[in-house]
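Taken in order, these protein sequences are the chains called A and B.
Here the first sequence is numbered in the working numbering, starting from 4 and rising by one per residue.
Here the second sequence is numbered in the working numbering, starting from 370 and rising by one per residue.
To be clear, the hints were calculated from the coordinates, so they are not data collected in a lab.
One should not assume that every hint holds.
Each pair of labels, with its calculated beta carbon distance range [unchecked claim]: (1) B:LEU488 with A:ALA135: 55 to 61 Å; (2) B:ALA394 with A:GLY52: 49 to 55 Å; (3) B:LEU488 with A:ARG82: 41 to 47 Å; (4) A:THR282 with B:ALA558: 29 to 35 Å; (5) A:GLY103 with B:GLY499: 27 to 33 Å; (6) B:ALA497 with A:ALA135: 34 to 40 Å; (7) B:GLU630 with A:ASN43: 31 to 37 Å; (8) B:GLY536 with A:GLY208: 55 to 61 Å; (9) A:ASP98 with B:ASP417: 31 to 37 Å; (10) A:ASP251 with B:GLY499: 43 to 49 Å; (11) A:THR183 with B:ALA497: 42 to 48 Å.
The beta-carbon is built from N, C-alpha and C at its ideal position, and this holds for glycine as well.
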Amino acid sequence: MKSTSISSLAIALGLTFSPLTYAASSTPTGAAVVTDNAFNPAMSLILSGGYTHASQDPESYRIAGFDLPKDAEAGPGTRGFSLSESELDLSANIDPWLRGVANIALGSDNSISVENAYIQTTSLGHGLQLKAGRFFSDLGYVNSQHAHAWDFADAPLAYQAMLGTQYADDGVQLTLLAPTDQFLQVGIELGRGRSFPGTNTNRNGAGSSAFTLHTGGDVGDNHSWRAGISTLHTKADAQELSSIDANDHEVINAFTGITDVWILDGVWKWAPNGNATRTNFKLQGEYLRSKRDGDFTYDTETSNLTDAYTATQSGWYLQGIYQFMPRWRMGLRTERLNSGTPDYASNQVNMTIPTDDARKHTVMLDYSPSEFSRVRLQFAKDYARGDVVDNQMVLLYQMSLGAHGAHSY
Amino acid sequence: MLKKNVLMAVAVISLLIQSNTAHAALRIFACEPEWGALAQELGGKLLDVTVATSALQDPHQIQAKPSLIARVRNADLVVCTGAELEIGWLPVLLQQSGNANVQAGKLGNFAAADFVKKLEIPTQLDRAQGDVHAAGNPHIQLDPRNIALVASALSTRLQQVDSANAGQYAQNLASFSQRWQQAMTRWTAQAAPLRDVAVVSRHKAYVYLYDWLGLKEVAVLEPKPGVEPTASHLQGLLTSLKTTHVRMTLYSAYQDPKPSEWLSKNGGIAVVKLPFTVGGTDAAKDLFGLFDDTLARLLVGANTK
Ligand SMILES: [Zn+2]
């Protein structure tokens, strides 16, 4: 009985156990008692929720100079008590060659969405890996991390403004890790381009492509780092964007064209003797630059005026997280966007260019009673609207139940 | 741009695949220093050994940093403890390495704990009991009898992975085993006074050591596995220790000595820092030094008034 429960757990947790070798190597006394449940995927549940206070109405949230789709997930979310993104994660080996992963997001509005659902090769070798399905793109640093692994309750403004908070697509990804002692990984992704800055359309071929390059290593025993450059190319067809026009009216405009986003990312970690258990420090920053080129339609509902459009916009954030004693961390993030000077051609008269850049300063303190639980308090002065300040306070819990997760760098 | 992205990737990828370096020595990625040292004993010049962690790091909590991913990518054999000790980081390294030969269950993946009899296998799995190790206590390296078992299994594995040099590995094992048996006889004799001595541990990391030497663990400073000692827990321990005769409190080189020192000062018992693995103290230079120094420190602790 004891050995059955432990062997089934070993299969569930040992992400890459193949059933055949398992039976041969781990049960010297005889065949494993295999029940239907023994091959269940490793399962973990992320429970998250909290309380949000915002001095401005989140309904009126916008990022000055950056037009976003009406349903964009930008801003502090709902005020008061609410569930944050809770999530069910499943993963297991499919056969000796493939692994499958699914992350099902449970929204506070009772919605269930497929955040990730992909298959991945485990035995191509030569440092190659192929992924297919829906997955977070490898762009930048925070993009591929799950929200519960972020050091702040929300994504950086630059991600909210230029990557739809977190870029996930349906497609394929090929990565290669170089056979060198220096970490050097390149990746190529081809996708549908279903989410901002792309749009979901009825077309053959790929609607988006991405190229990623990351490198990293150690400096002595105390320091490690990773840096990268990535680019995303997407197509948009009649992408509806909510904007404030020159007459201060909320209008729906549309963009058809291509978007190229370039991202530089870097993270540097310090821990005395490489032992991060007691104290450690992490410095992280990213710079995003987005160029949109195509046609812009002003006020699709009434005026419906279309002309050429180009815009080059950028943004960055820099953050530091310090674990000053076991279980306690504090963090500071500062960020700024530059909405540039978009060229609306003849539509210029209908649109305004904001005078104040969006910017935000955030502090946080978090406490982790164990490896599986965390409570965070976060304050932000959010000038995303440009002229007015939104004072935000977020109290958040994040818990992980079930299979012991392993953490990426 | 789309075409440019694809071309860029294809160019870089083909360049990197071709630059596959030819390497003479068998590349070993050892998760902990004790297995790096053992591989060195068994392979010597035939191996190029990378040790992922140091004795000053907590093997439960290691970051899956880029340098380690790159090393696993190029490894011919990954030698780790297993039994879920590295569950928080090794799966990420294996998965991101893109190295098919070292995945769990493959010949290039060696888990030392598979070859010893594990103690403290929990009958109930509940995280209310802390970060319990479901496969049993993974800290197997402080019993030299386990080292002997792992040595012969690892030598067998080296002979399988690098069959061209099988004879040399077998010869190295014979030499190591002989020296190890002699050392064990010496250690067992030296350690006789430690039998039935009552001790307090910092973490449940020494059960195999106690099993070997007959030390008696009467308490653990961590209230639950993986949970840092709290003031109230320490206070409670101090009170309960008044009625038991405890000789020393033990902690490992990578741990914060303060809770053990506090108990030592207030409870009037000796505090002993153990190297825990190769490199944990100056004297623990190799596996022989690890046990020489561990015993020397325990004997000093047991004799402190
Ligand atoms: Zn442990």
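TODO: Note whether the CB distance of A:THR282 and B:ALA558 lies within 29 to 35 Å or breaks it.
DONE: This hint is violated: roughly 42 Å between Cβ atoms.
Open item on the list: I want to verify a distance hint. Is the separation of the beta carbons of A:GLY103 and B:GLY499 within 27 to 33 Å?
Closed with: Between A:GLY103 and B:GLY499, where Cβ atoms are some 30 Å apart, the hint holds.
- [ ] For the range 42 to 48 Å, tell me whether the beta carbons of A:THR183 and B:ALA497 fit it or not.
- [x] 45 Å, holds
- [ ] Determine whether the Cβ-Cβ distance between B:ALA497 and A:ALA135 falls within the hinted range of 34 to 40 Å.
- [x] 39 Å, holds
Task: Satisfaction of the hinted span 31 to 37 Å by the C-beta atoms belonging to B:GLU630 and A:ASN43 - done: 46 Å, violated
- [ ] Take a look at whether the Cβ-Cβ distance between A:ASP98 and B:ASP417 falls inside 31 to 37 Å.
- [x] 33 Å, holds
- [ ] Indicate whether the distance between the beta carbons of B:GLY536 and A:GLY208 respects the range 55 to 61 Å.
- [x] Given range 55 to 61 Å: holds, Cβ gap about 58 Å.
TODO: Using the beta carbons of A:ASP251 and B:GLY499, state whether their distance is inside 43 to 49 Å or not.
DONE: Check failed, 58 Å falls outside 43 to 49 Å.
TODO: Take a look at whether the Cβ-Cβ distance between B:LEU488 and A:ALA135 falls inside 55 to 61 Å.
DONE: For B:LEU488 and A:ALA135 the Cβ distance comes to about 43 Å; the hint is violated.
Task: B:LEU488 versus A:ARG82 beta-carbon gap, inside 41 to 47 Å or not - done: 53 Å, violated
TODO: State, for the Cβ atoms of B:ALA394 and A:GLY52, whether the hinted interval 49 to 55 Å holds or is violated.
DONE: 53 Å, holds
In this structure, the earlier hints numbered 1, 3, 4, 7 and 10 are contradicted, and the remaining ones agree with it.
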